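Kindly produce the complete structure, drawing on both the sequences and the hints.
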Amino acid sequence: MPVTPHMETHFTATQTVRDIVIGMADGLTVPFALAAGLAGTVSAANVIVVAGLAEIAAGSIAMGLGGYLAARTDRDHYAAERERELRETEEMPQQERAEVTKLFRDYGLTAEQAKPVVQAITANRGRWVDFMMRFELDLQPPDARGAPRSGLTIAASYVAGGLIPLFPYMLLADARQALQFSVAVTLLALFVFGAVKAIFTEINPLRGGVQTTLIGGVAATVAFTIARLIS
Numbered sequence: 001m002p003v004t005p006h007m008e009t010h011f012t013a014t015q016t017v018r019d020i021v022i023g024m025a026d027g028l029t030v031p032f033a034l035a036a037g038l039a040g041t042v043s044a045a046n047v048i049v050v051a052g053l054a055e056i057a058a059g060s061i062a063m064g065l066g067g068y069l070a071a072r073t074d075r076d077h078y079a080a081e082r083e084r085e086l087r088e089t090e091e092m093p094q095q096e097r098a099e100v101t102k103l104f105r106d107y108g109l110t111a112e113q114a115k116p117v118v119q120a121i122t123a124n125r126g127r128w129v130d131f132m133m134r135f136e137l138d139l140q141p142p143d144a145r146g147a148p149r150s151g152l153t154i155a156a157s158y159v160a161g162g163l164i165p166l167f168p169y170m171l172l173a174d175a176r177q178a179l180q181f182s183v184a185v186t187l188l189a190l191f192v193f194g195a196v197k198a199i200f201t202e203i204n205p206l207r208g209g210v211q212t213t214l215i216g217g218v219a220a221t222v223a224f225t226i227a228r229l230i231s
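The sequence shown begins at 1 in our numbering and counts up one residue at a time.
Everything labelled a hint here was simulated from the structure, so no lab data went into it.
For clarity, every value in this text was computed on a predicted model and none was experimentally measured.
Check each hint, because a few of them may be wrong.
What the hints assert, rightly or not - With a straight-line cut-off of 20 Å between C-alpha atoms, the simulated SDA-like cross-links for lysine to any residue are:
#1 115 to 126
#2 115 to 89
#3 115 to 104
#4 102 to 125
#5 102 to 117
#6 102 to 159
#7 115 to 95
#8 115 to 103
#9 115 to 105
#10 102 to 113
#11 115 to 130
#12 115 to 93
Written out as structure tokens, the structure reads:
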């Protein structure tokens, strides 16, 4: 009888999704909370727009730079660890072979079963080091262009998310009236964003949407309440 081929589909753009989540989550919640807080003290929407745009500019730069530096740090760390493994396989090959054997023993293989596999892996220096980087240190080779792309992705996502809660203040002159529309639009955006994020991370979309909405809503409520108390 015909056999249906087994097709595996795995999502591989985890780094890009992570950067979008980082930027969009902060972009939606921080300007939202700032605008809600200011709406408790000022009545002119244009003041909130100016303050919000300034925050978005500063926040996107800070977040993008942070993402860039984090990716650069990961790349430098990988390079340093790989150099160390290269040196160790040259200066102490027996100990390194023993480490490879132990890794296979941890997976349930006997010493005799692991021996030919260890010999095959350690016969090639590059393959040997790659194996140690992946299975001993749990490090993946970083994308050479990952740092600038990560920084730009986070910054752009922050700007996109931050403009959503500010949009009603750009259309309406009264800050209190704009706040009502901003709350509705932003909470909806938070829910959609949380649901989409949940799909990529394979959790319940409704649960993800509700969690993200609650976090953004609490942030805005706290900022608004503090501003009202101060005023």
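We went through each hint and held it up to the structure:
no., hint, in the structure
1, 115 to 126, "holds (19 Å)"
2, 115 to 89, "holds (17 Å)"
3, 115 to 104, "holds (9 Å)"
4, 102 to 125, "holds (18 Å)"
5, 102 to 117, "holds (12 Å)"
6, 102 to 159, "violated (49 Å)"
7, 115 to 95, "holds (14 Å)"
8, 115 to 103, "holds (12 Å)"
9, 115 to 105, "holds (10 Å)"
10, 102 to 113, "holds (12 Å)"
11, 115 to 130, "holds (18 Å)"
12, 115 to 93, "holds (15 Å)"
Hint 6 from the earlier list is the only one contradicted by this structure; the remaining hints agree with it.
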